[in-house]
Amino acid sequence: MEHDFNVETFEKTSRYSSPQWKAYKASLLDEYTTTGFPAWRRSKLARLELPPLEEEPQLEIEHAGAVSITKLEESSEALELAKKTEFEGSDKKFVLQSVVFNSSGIFAVSEGNDGFVAIKVGKKTQKSVLLHNVFLVRKGSRLKVVNLLESASYVSVLNRYIVEEGGELSVLNIRMGNTFSFTNEIYRVASSAKVNSYSIDKPGDVHAPFALSLLEGRGASTRFNNTFTASGSSIVDSMYVMRHRAAETHGKIEGSGVLFDSARSVFRGNIEIAKGSINTETGESVNVVLLSPQARADSIPALFVEENEVTASHAASVGALNEEGLYYLMTRGLDENSAIRLVVRGIFEPTLQDIGSEFGSRWQEVAESVLTGKSP
Amino acid sequence: MTDLEKNEDRFDIKVNVKYRKRTAPGLGPAIIREISESKEEPEWMLEHRLKCLEIFQTWHDPRFGVDVSDLDLGNIVAYLRPDVDKARSWEDVPEEIREAFEKLGIPEAERKVLAGVGAQYDSEAVYQSIKRELESLGVIFLDMESAVRQYPELVKEYFMQIVKPTLHKYAALHGAVWSGGSFVYVPRGVKVPLPLQGYFMMGSPGSGQFEHTLIIAEEGSEVSYIEGCSAPRYNVLNLHAGMVEILVKPGAKVKYVTIQNWSKNTYNLNTKVAVVEEDGTMEWVSGSFGSMKTMLYPASILKGAGASASFLSITYAGKGQHLDTGAKMIHTAPNTSSVVDARSISAGGGWAFYRGLLHIAREARGSKASVRCSSLMLDNESRADTLPIIEVLNDKADVGHEARIGRISEEQIYYLMARGLSEAQARELIVRGFFEPIAKELPIEYAVELNRLIALELESSIG
Amino acid sequence: MYLLELENLYVRLAKEDRLILKGVDLKIKPGEVHAIMGPNGSGKSTLAHVIMGNPNYVVVKGEIRYSGEVITDLPPNERAKKGIFLSFQQPPEIPGVRIRSFLSTAYSLTRKNLSLRELEGRMKTFAQELGLSPDFLSRYLNLGMSGGERKKSEVIQMGVLDPKLVILDEIDSGLDVDALRQVSKKILELKNPEKSILLITHYSRITSYIVPDVVHVLVDGKIVTSGGPDLISWIEEKGYVEVGTA
Chain A
1380 MEHDFNVETF
1390 EKTSRYSSPQ
1400 WKAYKASLLD
1410 EYTTTGFPAW
1420 RRSKLARLEL
1430 PPLEEEPQLE
1440 IEHAGAVSIT
1450 KLEESSEALE
1460 LAKKTEFEGS
1470 DKKFVLQSVV
1480 FNSSGIFAVS
1490 EGNDGFVAIK
1500 VGKKTQKSVL
1510 LHNVFLVRKG
1520 SRLKVVNLLE
1530 SASYVSVLNR
1540 YIVEEGGELS
1550 VLNIRMGNTF
1560 SFTNEIYRVA
1570 SSAKVNSYSI
1580 DKPGDVHAPF
1590 ALSLLEGRGA
1600 STRFNNTFTA
1610 SGSSIVDSMY
1620 VMRHRAAETH
1630 GKIEGSGVLF
1640 DSARSVFRGN
1650 IEIAKGSINT
1660 ETGESVNVVL
1670 LSPQARADSI
1680 PALFVEENEV
1690 TASHAASVGA
1700 LNEEGLYYLM
1710 TRGLDENSAI
1720 RLVVRGIFEP
1730 TLQDIGSEFG
1740 SRWQEVAESV
1750 LTGKSP
Chain B
231 MTDLEKNEDR
241 FDIKVNVKYR
251 KRTAPGLGPA
261 IIREISESKE
271 EPEWMLEHRL
281 KCLEIFQTWH
291 DPRFGVDVSD
301 LDLGNIVAYL
311 RPDVDKARSW
321 EDVPEEIREA
331 FEKLGIPEAE
341 RKVLAGVGAQ
351 YDSEAVYQSI
361 KRELESLGVI
371 FLDMESAVRQ
381 YPELVKEYFM
391 QIVKPTLHKY
401 AALHGAVWSG
411 GSFVYVPRGV
421 KVPLPLQGYF
431 MMGSPGSGQF
441 EHTLIIAEEG
451 SEVSYIEGCS
461 APRYNVLNLH
471 AGMVEILVKP
481 GAKVKYVTIQ
491 NWSKNTYNLN
501 TKVAVVEEDG
511 TMEWVSGSFG
521 SMKTMLYPAS
531 ILKGAGASAS
541 FLSITYAGKG
551 QHLDTGAKMI
561 HTAPNTSSVV
571 DARSISAGGG
581 WAFYRGLLHI
591 AREARGSKAS
601 VRCSSLMLDN
611 ESRADTLPII
621 EVLNDKADVG
631 HEARIGRISE
641 EQIYYLMARG
651 LSEAQARELI
661 VRGFFEPIAK
671 ELPIEYAVEL
681 NRLIALELES
691 SIG
Chain C
89 MYLLELENLY
99 VRLAKEDRLI
109 LKGVDLKIKP
119 GEVHAIMGPN
129 GSGKSTLAHV
139 IMGNPNYVVV
149 KGEIRYSGEV
159 ITDLPPNERA
169 KKGIFLSFQQ
179 PPEIPGVRIR
189 SFLSTAYSLT
199 RKNLSLRELE
209 GRMKTFAQEL
219 GLSPDFLSRY
229 LNLGMSGGER
239 KKSEVIQMGV
249 LDPKLVILDE
259 IDSGLDVDAL
269 RQVSKKILEL
279 KNPEKSILLI
289 THYSRITSYI
299 VPDVVHVLVD
309 GKIVTSGGPD
319 LISWIEEKGY
329 VEVGTA
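Here the protein sequences come in this chain order: A, B and C. Counting the first sequence from 1 gives a position; this note's numbering is that position plus 1379. Counting the second sequence from 1 gives a position; this note's numbering is that position plus 230. Counting the third sequence from 1 gives a position; this note's numbering is that position plus 88.
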């Protein structure tokens, strides 16, 4: 790629940062400029072009309940948390990019049990949108977060979630129609804390989500639920990592998707169980349905296990739509297309139900419209 | 049996054998020429070897799997030729070598249940025999060198056509220094009623074994081949980089059974590929117990419509072992099917890694595939990893995958103890049960051997 | 001389500090049939498993004697060899281990007077008498079996191992009427004047097939009352709570 962000971009974007934040970002600038963009063949990244930076992207933020919102780069607590959190992602380049050049981001802290934050960004911009957000769920509190990224040319997001002891976090990511989107999420989950994270994905062209949960304390739990649909020649290239580092932790990675045309999905789920994480229960299940002879689904479920007192499994299936089901519906008078639509809707149904009960019908409808293509 | 009790390893058999030829350690064109000359090979084979050497010298190590950094190829003696000529009767095999094979029970098994046996000590075949009836049906079962000389056209047509030397570094190494192995040719429609067997032993410290086995099953034919491997233990590292190429022609059926028990200082970097044509069937059954480090991914390329393949394997990774194995199933034709059932045990700090690939190409419409991986971890010093890669490129395929990590439950042990078994007996029974579905696919002698190996391994790893 | 004696037995769970049996006394003579009845959670199953030596339970006080010998600290396999047999309420699945080969292993460890062929014949006969095909013996131990099949497999094992003390833990659960009749009939056929049976049950149904000489009612870890078979109809009528507090 010829064009890349540089010192100049940095100076422009960091002008509102606190001196501490600016120093932190500056310390990473070198590494960014010397790191090349990844050459993922599967994602055809060779044709990636970086549009000019949106210097002040319009973030639409809604929040309610016992939650405080600050501009990320004005908070020194956020800086401390950012420094302490793992620097992992689908590729270091994108993680660094979000941190060094982000022109926007929030620090949200929940204190009570009714916190809610929604961030909407990207609507139809031709520029690059870079975001870095940090969410802190304090001891025993609850927070719900909705991230909506829509119709941008280029998006690179880093979200860091710190969930303290006994905290509960629910996240709903809706990412649709972005030409290139690279999202990286890191969850640090303390003892008895709970994370429930949904992602609804529909790529414009290339969408590469990455999520990592660090189950650090006894009894910590995380569920990743990823539902996707892709058409045209777009690709969803996702990676979910469940890292069990303590006893009695629970993990669940669920993936389900439907592919049309010559769309492609790559679903990588890694379950890592460190020695000593006894009585851990963890599993992964992926189910992808192909609706076109040109579609392609790759599934790479990996288990890395160093402890034997655990329950760990994975299951994957890839195939056509249940033909018997289609036939049954057609004997009841549905034409083939309506029957297909109905069965596909059925695949998404359980996730949509869960989203409805956690985030309310408004967000359930948004998720449904993304997945089924109807306007909300 | 007393042998068994005294030695921890029944296959730890050392003999004193005089060597007729021993190449200087290390590799270069001169050694390759020397090997080729002493085998009285045709020119094309020498050229093939030299080309492979070139590829080997420029190729990098695989970027995954086991750590091969302490493998010093310069010190692995490429070619060792025992001072014997190939015999047709066990009486003619020198006593020390015959004894070594007898301890493994090979001559006895041949009398009872095998259609033919080829035995290889280090680099050269020392024994080759085939029942007369089969010979008269046109079945060829020869050591590879003799096949190159006696059937040059046939061998040239297929040799390293299925596995190209560019596949990976050790395939190229193999192509350069291969020695021994078996050539099996089964003519159209011939069904070989009993299994053929090749038995490979490494007898010298710091040596390499690079046997090449090529099996051609013509249309509608059937054959089973059993491969056994062992090596005594020395303090120097050994390298095994063999190759198996199998061509299953339309409607033919090949079963390939391996019991691998290389000594625990062996690098086992092996390559096995079968190409399966229309309505052909390939069955792999494999038991891996030995070696220090293994990288082996038997591949089945289902390139004819209706072709099928199965891969059943058990792997036991004990103390100091890292066994990185798995099946590759490549579906490139319509209505093909494959089944993988891979089971592993890790114990005493061993590391069992399942690394597999299932690829359903765009053309492979109507194909079915299932992959099942089960790992039993006997303690928390050990590791069990599973990485099955699944690629599906059309919408008329049916693909399923399941993996599970397990341990022996206290409830199971208690139940069996309530029926009178001791705790150790209960554990052994459960482990054997875990292997049973694979073991039952083995010829009975091998199943018995397998049980013995499991008992030995359990004894040494869980005490 | 008693075959089994439990004396002031206190038992807790191995993994948590919770007392399940709180001073149980029980004496069974050779040839006797005893029934332990009680509501769910009263400790009936614990009692069965403690006699067998399940490591999930710890005897904190009291002792277990079998033919006069203290067996409180013996592992389960030693108890099995002495002739104690427990038919599990939910026998676990042991994949890959066939009933036939498992039973010959277990048999060779306990009794040794039958040849392999005789043993095979006996297994086949038992299977047949329980309405199972001989193929049943080739199945993996309890794997994918229905409730009824599991119970029949337990009875075949009991028949082959020929124990002196048979503990039947909820043998009637998962059995329909026909299967219950078959199984009870087989158990009674295997019984002789030397053998004792300890029936553990929640429902009285089984006691009309295998009639106990003595009935004990276990409530909250203690035997609250004992008596003859008449006790059963009293329980039927009043329920455990009333019987327990009476």
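Since the hints were derived computationally from the structure, they do not count as laboratory data. Given the structure is predicted, the values throughout are model-derived calculations rather than measurements. One or more hints might be untrue.
Claimed, not checked - With a cut-off of at most 16 Å between alpha-carbon atoms, the simulated EDC-like pairs for lysine to aspartate or glutamate come out as follows:
1. K115/C / E151/C
2. K169/C / E653/B
3. K103/C / E641/B
4. K274/C / E181/C
5. K549/B / D1677/A
6. K626/B / E1685/A
Against the structure, the hints come out as follows:
no., hint, in the structure
1, K115/C / E151/C, "12 Å, holds"
2, K169/C / E653/B, "14 Å, holds"
3, K103/C / E641/B, "14 Å, holds"
4, K274/C / E181/C, "23 Å, violated"
5, K549/B / D1677/A, "34 Å, violated"
6, K626/B / E1685/A, "38 Å, violated"
Hint compliance for this structure: hints 4, 5 and 6 are not met, and every other hint is.
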